[in-house]
Amino acid sequence: GAVVSQHPSRVICKSGTSVKIECRSLDFQATTMFWYRQFPKQSLMLMATSNEGSKATYEQGVEKDKFLINHASLTLSTLTVTSAHPEDSSFYICSARGGGGFAYEQYFGPGTRLTVT
Amino acid sequence: GEDVEQSLFLSVREGDSSVINCTYTDSSSTYLYWYKQEPGAGLQLLTYIFSNMDMKQDQRLTVLLNKKDKHLSLRIADTQTGDSAIYFCAENSGGYNKLIFGAGTRLAVHP
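As they're listed, the protein sequences go chains B and U. Note that the working numbering has the first sequence beginning at 1, numbered continuously upward. Note that the working numbering has the second sequence beginning at 1, numbered continuously upward.
Some hints could be false.
The calculated lysine-lysine pairs, modelled on DSS-like cross-linking and capped at a C-alpha distance of 25 Å, are [as the list claims (entries may be wrong)]:
#: 1; chain 1: U; residue 1: K98; chain 2: B; residue 2: K64
#: 2; chain 1: B; residue 1: K14; chain 2: B; residue 2: K55
#: 3; chain 1: B; residue 1: K55; chain 2: U; residue 2: K98
#: 4; chain 1: B; residue 1: K20; chain 2: U; residue 2: K68
#: 5; chain 1: B; residue 1: K64; chain 2: B; residue 2: K20
#: 6; chain 1: U; residue 1: K68; chain 2: U; residue 2: K56
#: 7; chain 1: U; residue 1: K36; chain 2: U; residue 2: K70
#: 8; chain 1: B; residue 1: K66; chain 2: U; residue 2: K98
Hints are computed from structural coordinates only; laboratory data are not their basis. Small disclaimer: the values here were computed from a predicted structure and weren't measured.
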């Protein structure tokens, strides 16, 4: 139980284009989803928190117009990197938390590696 | 602000015990976590400890918490090659929404 998937697992795009990454909770309803970014050999940095049906809360320093987050249903959140640049290349990981059960536990997706050329 | 620190690298022999250490700054953290990340993959929750506990054991894993010193450790007994990975310590800060991660400790297990 508590499986989170991400799609795609890898994506290469050209500078200036937009890329959408999906995060799905497969066997539970995720009232809250989180998006993290991880640079090589570094830790995870929280980018934003989204609750189903409401606007995402972005961490300080994260451009909300560049990283668009949509949490339209209890099982799906999307992150769109708009007008991507090489410095946006990174490993993006989502996590999800359900409304019941252990509220302090986040279940992580396998990550999406974005390369902007 | 919140900060979590870990040593970056640990090398152990197969069959020995591994001890990964972590310090944190937010004394209001309710839960502290250990996650495992294998190459190119997401994070797997290994175990967690509530802040009013000082020890938790789960099969080969033992978590020790010294709340006074804000020190957390993860002991892996009988370390196997499959345990080679990066281990992240994390605290929940500002309520259970936000996890603050350490930089991760790379565990290398050699024969």
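Do the hints match the structure? See the list:
no., hint, verdict
1, U/K98 - B/K64, "holds, 18 Å"
2, B/K14 - B/K55, "violated, 28 Å"
3, B/K55 - U/K98, "holds, 17 Å"
4, B/K20 - U/K68, "violated, 44 Å"
5, B/K64 - B/K20, "holds, 14 Å"
6, U/K68 - U/K56, "holds, 17 Å"
7, U/K36 - U/K70, "holds, 21 Å"
8, B/K66 - U/K98, "holds, 21 Å"
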